[in-house]
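Novice: Chains as they are written, first to last, in the numbering used here: chain X, 1 to 156; chain C, 1001 to 1327; chain D, 2001 to 2661; chain Y, 3001 to 3136; chain S, 4001 to 4260.
All the given hints hold, so there is nothing to weed out.
Restricting the straight-line Cα-Cα distance to at most 20 angstroms, the calculated cross-link-like pairs of lysine-lysine (PhoX-like) are:
#1 Lys1070/C x Lys2616/D
#2 Lys2470/D x Lys4185/S
#3 Lys3121/Y x Lys4012/S
#4 Lys3121/Y x Lys4236/S
In short, the hints are calculated from the structure, not lab data.
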Amino acid sequence: MSLKLEEKAISSKQQFEPLIVAFCCNWCSYAGADLAGTSRLNYPANIKIIKVPCSCRVSPNFVLRAFQRGADGVIIAGCHPGDCHYSTGNYFTRRRFTLFANLLEYVGIEREKFKIEWISAAEGNKFATVMNEMLDSINKLGPSRKLRDGRWIRQQ
Amino acid sequence: MDKTTVRMQQIALQTLANGEVDVILGWKKGDEWYDSYPVVINDINETAELIWDAFCVNNLSKYLITELKKNLRIGVFLKGCDSLAFNQLVIDNRIDSERVVIFGLPCPGMIDPQKVKHAGLNKGLLKVERTGDKIVFITKEGVKEYIGRSFDYDKCLNCRCPNPVVSKYMLSDAVTRTDEEQYFPDVTEIEKMPLEARYDYWTKQFSKCIKCYACRNICPLCSCETCVFDNIAAGVSSKADADCEQQFFHIIRAYHVAGRCVDCGECSRVCPVGIPLEKLNRKIIKDINQLYGDYTADTDIAKSPPLGTYKVDDFDPFDGSKQGGKK
Amino acid sequence: MPRIGAFVCWCGTNIAGTVDIEQVVQAVSEMSGIVYVKDYQYMCSEVGQNLVKTAIKEWQLERVIIASCSPRMHENTFRKAAKAAGLNPYLVEVANIREHCSWVHKNKEEATKKAIALIRAAVAKASLNTELIAKEIDVENRALVIGGGIAGIQTALDIAEAGYQVDVIEKSPSIGGKMAQIDKTFPTLDCSACILTPKMVDVASHPNINLYTYSEIESVNGFVGNFEVTIKQKARSVNLEKCTGCGICTEKCPSRKSKSEFDEGLRTRGAIYTPFPQAVPNVPVIDREHCLKFNTGKCGICEKLCPAGAIEFGQEDVLVTKKYGAVVVATGFDIIDLDKFGEYQYQNHPDVLTSLEFERLTNAAGPTAGKFIRPSNNKRPEKVVFIQCVGSRDVSSRGKSYCSKICCMYTAKQAMLIKDKYPDIEVYVFYIDVRTPGKNFDEFQRRAVEEYGVNYIKGMVGKIFPAGDKLIVHGVDSFTGDTLKIEADMVVLAAAAQAKPDAEVLGRKLAISTDTNNFFTEAHPKLRPVETHSAGIYLAGACQGPKDIPETVAQAGAAAAKVIGLLSKRKLVSNPCVSVVNEDLCNGCLSCLKICPYDAIAAKELATNNHGITSKRIVAKVNEALCQGCGGCTVACRPGAIDLKGFTNKQITAEVDALCH
Amino acid sequence: MIRVKITPNNKQSQLQYIREISGVNINKCIQCTKCSAGCPASARMDILPHEIIRLLQLGQVEKIFHSKSIWNCASCFVCTERCPRNIDIARLIEAIRLTIIRQPGKSKFKPDDVPGIIDDKMPQQVLVSGFRKYNR
Amino acid sequence: MMYSYYPGCTLKTKAQDLERFALISAQVLGIELAEQQDWQCCGAVYPLAEDEIAGKLSAVRSLAAAHSKGEKLITLCAACHHVIKRVNADMYSNEFVRKRVNNYLQLPKNYNGEAKVLHYLELLRDDVGFSKLAEQVRMPLTGRKIGAYYGCLLLRPSNVMNFDDAENPSILEDFITALGATAVKYPFRTECCGGYLTVNDQEANEMAANIINSAIGLEVEEILTACPLCKYNLEKELGTNTKVRIVYFTELLAEALAIK
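Chain X extracted, bound-state conformation (with noise of 0.2 angstroms):
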């Protein structure tokens, strides 16, 4: 490792500002962002949201490119079961995510790195706490390289 990497390393790790890439989908998690927002609930800055139609929309391949590009946490929020816009989404969203939140987790990624949340639209509330909460786990975990791709330099 250079000089100047391991500098910025440092220096990063003093003022660790986690980036967290949030899926939400657009029928409830988005609508409960949205809530959270016309509440003026607070959580912080570090949390962004990308909309998808349905949480059914997030492919494992979007998560790892998350971690890759320096997201320090990335979750997933969708309907609740049974409460799918399009009926069945979720239930596969769940299938698909245990065993890929398994699977990260035994290749050596920390639970808290990836989560998937139900948020309905109208649990605002509950999107900004959840929210808190993935930043405080984060932000205890401290900053990690783990699948990051060393050639890509976040801009803060």
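Dock chains C, D, Y and S against the given chain X, drawing on the hints supplied.
Specialist: Using the frame of chain X, we list chains C, D, Y and S on its own:
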């Protein structure tokens, strides 16, 4: 000559001659004692060269994909694990089972040449014969006999399915296994490691990868016309030699065979740098069995694959109350 | 790189108060592809929209980014504006810098940084946007109502009155449903038949309504506006056109062993029968299982006697396929089987009845011609005990966890009717809670207590012990803590309501979901109570959950209004964000097909030429009209051959990359 | 007679103990009284089973501890069998008995009592059951 | 077919009839019952508390022994049957109990509730079949009016016992019919006889009285039972009354098979 080999040559001759099949997929013996290689033959004169021994490890079912495109009727020799792969290929619509005649080969286990070499038995070795658990090493000097499975491939020691689950002609009696089945000991061992150690273990393993794709090419289920890693539009193809790319490839490779992997262990066998790939696959198999009921990919082609179905009350690790389904 | 224009909204101080607009504009102007940036106080206002329109034209913008409130608020507004300026509306992307940024963050520096990141992601996505064209679909001008009870009848009449064709399918030989079996209705005590039968006649005679009785749904294909439904008309063995309904056949039929379904088994009927005198159509049906002609080949008396020559033993089931624009499911409910409630002696004693049997027993047109007698000895009972919540609010394996909702009221009604006719009969009602929300409902129940002196006992019955010709009811009064033994002559059980046993099967045919209790699931419990998740399919009545008649009729009207709204459109616009298959990459494994909730994916056969050898290959094919754009298939596809327009793999990856900038 | 309000906190530990060893969630009870109505031993009870659950919900364990009812439950499982809320009332009552008899000296049936009840036909099952149910 | 057989203490002492007739009948019917070696008292009552492990151990020993032989475990006494069947269910589905019991017992192989427990009556119904049984009857009990008394322990809780419909059972009536007698269903046939309450309360047993009166009311001459405790309670209540007689079901079985 081995009884099964005789039967093999007979059936090949018979089915080619009576027109039941146009070509036969089988193995022939190469120059070395450990060399039994896959062949496609359509000449009845060649049937006498077909061979069945403890080195016919190659799974012939994947060859069917290309061969069937020639609109031929094919006779193929399949071991237990090969037959599972065959079924999965049928589920995936990759082959037309109507045009395939299966010759089933109950398999006592295949011998790992590396293990023979490590035991120093390869010197002057001419031939290895196996009947059940009796292994006979024929050398220039004489004959040595061993009983047991110490020369078997690791993957064969974990074999759940020595007998073909589908076949038109069965070439020998079914193999019975009496040894106590252990429940994914290899996976449990890794699961028990501390998280950081696990990360280091896998990163070290993955970093050995030279992206030769042998694992993908041998895998009977990695049968895509164009692999996603070769599909620029998918945005995941990066051939760069970076840790994260190896991780990406191996995690996604394992995920892509989730619920379809037949645990034949070929990926690990062919890996030139020795990455224990099957331990990723087997982790997923273990989880699927535990969470969604015993899914053996699969003996039953009518069953829906675990990732192609769901239950309303599936286990839900993402729900605070740990309950699945509607309340 | 397309030419991109970005428009940053202040939303008054809503955004500008927390986000440094100037800094955002500066940063955005430096992003690749951006050729124009403009900020304005209220971008959604007419002035703001005109800014967008003008800029599109003046700067030849090929993509538009709106950084403003949630797309759920104004995405449509800006898409329309873009369209008006000649830009494909799907080339507009919204960056949500209000709900997801300025409103949830306090620190201006952080909020500004995040706003820039969100806009960067929108720019990255937009540069990969493609023009999408929403397709127009024709709407078939006819509706289908499944179920001919009061829900189906009301829905059909309302739709037909609006001038649209309606077909009604009823499984049994006559329409009328449960309401036709009921004696009186609460809370007004109108005679049920008096208010229902005129409606039944209206259905039969309405020029816009076409009735398929003794028929079932075989299969359903298609999608909103264009359902293709195959109906199985079971062989009635009587010609509907020829029969005059004279009834000679039903009188003379020598087979008398079958229990009348309509009379809940309290009387027998012939093998050829009309379910009840007011049946619509008033044409008998032959129950082939019990008909002597069908079983032994002999008899045929009905055929010989029929003056119209309407008996047709040779009839076979007929399949009819028709197209519909909308479907209303109104299949109603059943009551649970009481086999598992042995302590109430329902199977063992003829004087223990279900409430529905009681309705028939007290009905003037019922098996006793309205005479209130005990089935065991034909004598008038002196003490009658009603037990509520038999299987309702019961989470054990023998019951239903929900409140059946209607039992409190009908039990009060039945108790009151007994006391009204026979004031000397003692009536007891065992209940857990009395639930009477509804207009004039509580007053009604109180009348039963206060005016008629019905004894309400808060408590349950443990067991009934038959003794001699009495039924000894062992119960508890929870207020006093006393155990009670009542020597009753008749016990009436308010059995829980439950979904029709075939609801799940029908749901699968229609691709609509059922809940854990097999009732059909509405699209939203509050805001879309009569719609399902499948566009163009609506719900009416108790098939969605237990309901009384007023609620059922109200829901039927609501479902009809939805259908009329749909059918009144000549064309429907479909969502262009649908899946698309790259056939070169597709392996034909059809993993996508297996998980599609809309059956929008089918297998297609391609002929391929490989060095002169032609062989066949299977690929997946998306029916764009059915696809709702969830994107589940894209993840199931391993080689990435199927992608979702508007949310492509590349677009989402680009967003991820941009956020991680 | 003392009218007790909702009970003081010092009974919480006993309540918790009863909840734990019975594994029953008493809050599921909707006071339908089906348990009491079917109880064959109710004639020997001063507090009926549904009242026991209600008292537990209110935290009034003392009243229950002093009742005859808990000793006159024959564990016939009729209540458990019929409860529409899946409450295992037999287990609950057993847990209450155990809470008492597990305290030193609180056994209800002692070896000294045997001669007083035994007759020559009595199967030993009775005595074994008695010691299991009333003695620690 | 070979079965493991668990007798229980009472059958070796006060209820020898119950066992004796069962064993000789089994011989005639071709059922091989091998009494388990070293069986221990089942404890008479199933320990309902979650934390009581000791009271479940002896049942597990018998269960594991039967399982290791690959045999079904046959019981005769209703109380033993209840205890063993419920402990087996715990071992199958209650992880808390399973872990602790296995830790304590240290059996050669962990026991996880795999064994099948059948009451003698279930054996007759499911493995022999009542129609087969009827064919073996040599002295049909024609004309005798017999009322089955089920009691509690065989039936409830039905989700564990799985013996018959808990509210409306028919196995004993079917048995009686198979023996050629007339089965009388009287309302109190599944009510409790008072069980062990006699220990706590020596007063008159109204519970047993209800059952007897209910049966006599329908002119029942013999009350059939599978439980020594029920028989004791009913006979005690009956006193010198001779209108009705309490009999073990096995006694009637032997009688009908003409081996009594």
